[in-house]
Amino acid sequence: MLASLLQSAASTFDSPVIDFHALAPELVLIGAIVVVLLVDLFTPEGSRGIVPQVAGIGILASLVPVLTLALDGADRTMFGGAYVVDNFALVLKAMFLLTAYVVVLLSTNYIAEGDYAEGEYYFLLLCSLLGMTVMASSRDLITMFVALELLSIPAYMLAGWRKRDLHGNEAGVKYYLMGVFASAVMLYGMSLLFGLSGSTLLADIGTAVARGDGFGDTTPFITLGVVLVVVGFAFKVSAVPFHTWAPDTYEGAPTPVTAFLAVSAKAAGFVALLQLIMLAFIGRDDVVGPLMWVLAALTMTVGNLIALRQTNIIRMLAYSGVAQAGFMLAPLAVVGTNAEGAMRAVVTYLLIYAAMNLGAFAVVLAVARKTRSAEIDTWGGLFEYAPGLTVLMTVFLFSLAGIPPLGGWLAKFVVFQALLSPDLTAGGVALAVVVGVNSVIALYYYANIARQMWMNPVPDGDRTPVRIPFSLAAALALSVVVTVVFGVSNLATRFGDLATLLPA
Amino acid sequence: MDNNAFLTSWGLSLMVFLPLAGALLVMLLPKAEEQMIKVAALGASLASAAVGVAVLADFDYDSAETLQFVVDKTWIEVIRSNYLVGIDGLSVPLIALTLLITPLVIVYSWNHFPEPHNPKAFLTLMLVLHTGMLGSFVAQDLILFFVFFEIVLLPMYFMIGVWGGEQRQYAAIKFFLYTLFGSALMIVSFLAVFFVAGGESFSMVALAEGVADRNAAGDLAMITQVLIFGGMFMGFGIKVPMFPFHTWLPDAHTQAPTQGSVILAAVLLKLGTYGFIRVALFILPEAAVKWAPYIGGLAVIGIIYGALGCLAQTDMKRLIAFSSVAHMGFVMLGISTLTTFGLNAAVFGMVAHGLITGMLFFVAGSVKERFHTLEIKRLGGLLLQAPKMGWILGFCIMASLGLPGLAGFWGEFPAILSAYEPGAGLSEELFRTYMVIAAIGTVLAAGYLLWLFQRTAFGTPSEEFADADIDDVHVTEWIRGSRCSSSSSCSACSRT
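Listed in order, the protein sequences are those of chains A and B. Per the numbering used here, residue 1 is the first one in the first sequence, and the count goes up by one each step. Per the numbering used here, residue 1001 is the first one in the second sequence, and the count goes up by one each step.
Incorrect hints may have been included.
[As the list claims (entries may be wrong)] Listed next, the stretches of chain B that the computed footprint assigns to chain A, with coverage defined by at least 3 CB atoms under 8 Å from CB atoms of chain A: (1) 1175 to 1185; (2) 1248 to 1262.
[Stated by the list, open to error] Below 20 Å or equal to it, Euclidean Cα-Cα: the simulated SDA-like pairs (lysine to any residue) are: (3) K1031(B) <-> T464(A); (4) K1031(B) <-> R463(A); (5) K1174(B) <-> R164(A); (6) K1290(B) <-> A1208(B); (7) K1031(B) <-> V391(A); (8) K1388(B) <-> H1372(B); (9) K370(A) <-> R463(A); (10) K1031(B) <-> Y385(A); (11) K1174(B) <-> N448(A); (12) K1174(B) <-> I441(A); (13) K163(A) <-> V146(A); (14) K1073(B) <-> E384(A); (15) K1031(B) <-> E384(A); (16) K1031(B) <-> R467(A); (17) K1073(B) <-> R494(A); (18) K1174(B) <-> V437(A); (19) K370(A) <-> V391(A).
[As the list claims (entries may be wrong)] Ranges between beta-carbon positions, derived for each pair: (20) W1010(B) <-> M78(A): 50 to 58 Å; (21) Y1170(B) <-> R76(A): 55 to 63 Å; (22) P1116(B) <-> A426(A): 49 to 57 Å; (23) A473(A) <-> K1290(B): 53 to 61 Å; (24) G427(A) <-> V1205(B): 28 to 36 Å; (25) T311(A) <-> D1060(B): 33 to 41 Å; (26) L305(A) <-> Q1035(B): 43 to 51 Å; (27) I142(A) <-> K1290(B): 53 to 61 Å; (28) V1205(B) <-> L498(A): 26 to 34 Å.
The hints are simulated quantities; they were obtained by calculation from the structure and are not laboratory data. Glycine included, every Cβ here is placed at the ideal spot set by N, Cα and C.
So here's chain B without its partners, still in its complex pose (with noise of 0.2 Å):
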């Protein structure tokens, strides 16, 4: 009873600060104890995860609807922002899944860390990474969440523009840019809606009643609300990214390191699709079904668009990027029909890409390790020179491209399925329009994963190379196949 009352009240900042305590204590050791530092990375992030593990275990699946693990205290009072945190059923399977990604990802680092090596810095960066994602998961408070969403620029930033490949600055400052000119849209959204709502807190759901009084009433504009809701689908389109704001993705994930390119793939662009439902869903709702139309009409353009993108990618990594702007559309197509089933859909969907290209990207970084190149022409006969290898590569395209019984499959099928029958307010003919597009994005999916496994991994090997330091990378990968396969149908919980 205690140890509940502890966690209640701490457990979740505890679960985000962690990190953060963690990368001070690295930025503290001297540079050269490599291994301790190691350890106090990996330390921090595993003593994250056992105290977030704790949480989730003592969290109450059956009223996932509302928000548990409350902590409400008054932070920067004169402009009414306050440190409100909770979790609820939405943001568990998204927390769980950075938890999981992030100690992975330190592990994979162990004896891979990119040039210019200086594992000091690239695991601060990492961490104070970690504490952004996870304070944006847990945040119920629109500043606060603003602050975690922003706090994971910077690390980006500099993984990206530091430790990455050649065009590195360029992709760098390009994900910057076109980040923060969605932010700043956004805030000023958040402050509107402030505004809107009656000015008295920036908490979430006060701010989502204080809409739905005014609505009630009748006194608040409908182009207002529709702009608002413009101002923050800027904001987290970028993130996801939607169509026409894509650009800055494949750059920034073939340019990344290993490491970055898997966090940004399995936890950045959740924040995107989460802040819609969390913050622009949640709190303008009839200001949703008036964009939703447009939503998924984006969304499904950026199915068939990064279909088409993969087609013509050369490079592994760029290929997968790609194959990112599409998965990323059957989850906003997901959200845009605004009904339950469409929003767990998107949810799984999230956690499905998470997990999926997450290890998508650490094979590349793999194969790329071993033969220096991932130009898809050069690679060849991946399943004779590394099987093991191969196999997992083999796994994961399944995975991606929804096989059912992967996660994939979750992710996918459902979202199509939703659009058949969309919200009150939608039109009918439109959504199953999307439907039978989407649906014609996954044939497409399939077409290019497979043909990346068929120019990878068949045939025979263009190059000679005998690798073995194969077996240490596959115990991380392992773990991520099993968990991947195994999560085939607990279903993801979502409110409205």
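With the rest of the complex left out, here is chain A (with noise of 0.2 Å):
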């Protein structure tokens, strides 16, 4: 009976064609990450240098196959659909790796001077770069569930990693509660989705969702599950009204972590919304469409009034990082009459926001160095002892507030691009101006930050300059030159044009 029933499921059963070179870049990630756990346990306490230089070799290696891929050009489909390797999959695989790159060069000092447990901490950070680089390929509901997941699991341990002081530990629980929860919501609504539609292949559930069919009048609980969905990545986002862990969490982080799940994390949701959005839920856009804009309205204006009160320059980041996903998900809300512009303009802008993001951690972290604290008016006169850094910290404070020729200026312009387009409707004109009275609001707070640094007085009177290791020097380097070439060139909107999901 147990035999027969084996046989007949066997015989049934097709082995998947397994295309390596696709899978290469997880399969390098997935052997650094081993060797990173390895090394961990065979060196002593106390030579544990060479873990951050495994890990960054390791991520390095992984975008070796990424670019090989890129060249070979062809977009690659596996398990039925499931797993897509295609232009869109190769330039986010490349970003999440090149950030987690840049985080792991934030963190080899800060992880090494401080009481942390050291392997274990690229080993989770490499986990949870494993599973943004599946999220940017799946194109399933399964797929990038256990994508999300393998994400956000080292990612609320790494939170919580200043193990003994309560902000971290406060930092790790509500990060952990709240992202539990939005997956729950999201859950919910994949398995109503997935119920109406009898597939969890994404494109089959754009079918079934445009259509409408099922059983009865099902229109109400499509709405429902896509909303559900919606929500649960509104709060991997943060956007309002479900950003309220993100400037506790990362206030309580350490630093280089911050930075990752302010950078990469956020990246990863909005990677895994434009697959939903643009595959599954394009023939909802009545219903996409107004959410949309009244949470990237709603976002960008909250986010930007309560940093206009931050004193503490990680949590004004952290909300300004949140009045950046409003503009992130603004062209969202035109994805009716201009998919094609608003898949460009999400892209595009997270590129240039990883960069300049990840500069202005960096440069926090340098500070933080010397003055032990993240307070704003501690930032004072930074320009007398500090000038490189001050620069640096200027280009990306007015990278982020939008000031050509810096990247951020080409963001914004992509964004405001793609909701006037092709025709000027009322709801893309007024979400365009509630975008660019956004930006002048947000200037006010990023360049407090400068005035801060020029024009005020040193506070301590301690002019000793900041001593800067390699490494984060490193950072620095490539997240500066990143942000302007992308300002002055169309590096980044190429990438962008070529990252569509949909059909050419």
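Could you fit the two chains together into a complex? Lean on the hints.
Encoded structure:
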């Protein structure tokens, strides 16, 4: 009985064709994860400086297959369409890998000099990164959920890495509770979508959602499913009113982890949102569009207004990150009339945002090495004793504010462009004006930091220069070059244009 | 011939980016080598000026209305923006003005770096500013124009905020926020006009043609054009500044260091009026007709308001700042007539105001240097103590109030005259009323300027100051003075 059952099961099971080239980036990363664990295991306490190097090399090594795949150029589909390697996946994988590499550079001295578990830190960081690279390829609800949990669970632990600090504990717990709550909401939405469409593939859900078929009148259920899934990811990208975890978590987590959460994890949320909206929900832009309009307008306005009041630079960057997420959500509000432009705008914005935000965190880390504080007051007179850092921070801040010729202006520009094209719609123009007004509000708090650095006196009179370790300098150099180059060249928009999920 | 080909393809770009290269060079020099830094900065600005003069000499003034030295290269093709530069009769005088002012400002800075000193940072910012200003005047692509237009913000912000007077931080952020607010609405308008005109190119000429085609076909709603013009109006109007948006100006001018005030008054304000002519009027001529009465109205309000504001000031620098509001009102009045004559008047007014107000700020800076105050009540007897400077001040004041024979006259008088006969579609009665009000404004201008001169230069000095340091300032100021008086009637050409 059992044997026959097994036999029949085996006979109907088709072994999937595995394209190892397509999976190579993830496989290399898994290799790196194992090596990191082993190195940590077999090196004595106190001489683990090699671990971050191994992690960094592992990340760069997995960038190689991403490049070969890009040169190869063919789209590769696996597992019945659940896992796809196309230009979109490759561009975002490259972004995730590079940002994670910068995060490793940021972590090197911070983790080594603090009282932290070092080997496990890089292990978890790489695991989370693996989840992100998988996320960029996932075109199926299950794959997407697995990727999401793979990237989130290590991040929950990393957020609480300062385990002897109450703020650190708060950061971890808050992030964890909010995260699993969001996952639950999202899963409920996914189950509705699966129940109505009978498939977990985003493409199949897309056709079912557009057709609105199922048993009887299922339109309200589809709407509910769409809304719940979007809300679930709204937590991930810290959109208002689901943003409340972000400032506390960012403040309590170790600063490199904050950078990782603010850039990579947020980008992963946007990648998932893009895939869901462009492939599965595009037929219901009557739901997604207005929802995104409201989320975007709320997110940027509330984020900006609260950021104005912050006295701690990490919290300020957290709220500014919330506001930036609002700018990134904005193009999705016009997905019904201009899906192509929205797609391009979000990806371009993500790339530029990653560079400039990581740079800002890198400077915060460098300055904190001297001031031992993240209070904005302690930044007074930075220009007098660290002119280089001041100029770099100025570049990053005004890039975030969107002042040409720094990268941020192009990011804002593509958002405006998506909102206004191809025809001027009332909703699009109104949101464009909201974006414009918010850019001005945002300038105030970015310029406030610049004011502290350039125009105020040194608060404690201590003018000893800031010593910047090599890895931090490398991270700064990488960020500033990318921020400026993205601003004056067509690179970012080219990538944004390439990375489309829509059929050509 | 070979030389010409090089100038045609590279001249403008070299002129624009040489200062930026200079800024990078200055950044790389060690901070202690102040002399080297100054020489490098001056060298970069002079090199740019030399290329600029070569270009302007090669410029074909007989066909000033066509774009010359055009370079069109793909830049960000995804958003259809090109690196498109070129100059015509409208750009030429403003480029000349910019090329003249910046080296002078650097020369002025030589021994007069405001606190907290740091020539390296100051001159780096100055050179970046120079690139931004020149770039704005040569860009013929809307996005390129926007980028250059915004580049000037950052250096100016730091110049005011770091090297400025007591209220510098407030003035700096006010300047920045006002301008950025205008820019944000302006970029929305730029994009809107891009899509309205067919979404093919950001070239200003192509956009103007696209809008004209749609107007000819009659399928472009007037309200759309009027709203788009409104966005540009906010952007440029704040920069000019026009009456209700002018409040950043007195603060910024007063608090900025002398060099910053000069650049602000001489060139930055012109970016606004230049943008009006180059972008707003040129691309949306039909919407301009609808807006012109309001622009004219705000312009004359600005003239009277600025003059009254001047009368109430107790600080010399603040007085000059308010006089800018009035003078830019004349320029805007000329623009609002939408006639060639009015636009010529406006262009001349821009250059004249740039030279005269720039010079006034230099004098104010020199006065501050010696007396450590600009409080008009405490000054007096300048002619006794420093007769040369006193007469320069007198000369500037005469020029500023529009004495015939000096440049100010050619800025104000034609602007008033042009309002007598406004362009097609505009109400003659209304503009003649404006004309009368503007004429009253010139009387007020004479009033406040002569009163200023009387209070500061005549009488007996209230403080004891013997100054030995007077001559090296003079070198630059004499240059400016002669330049100013000689520019009597070389006609500035503009298109439309």
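### Query
Which of the listed hints are not met by the structure?
2, 5, 13, 14, 25
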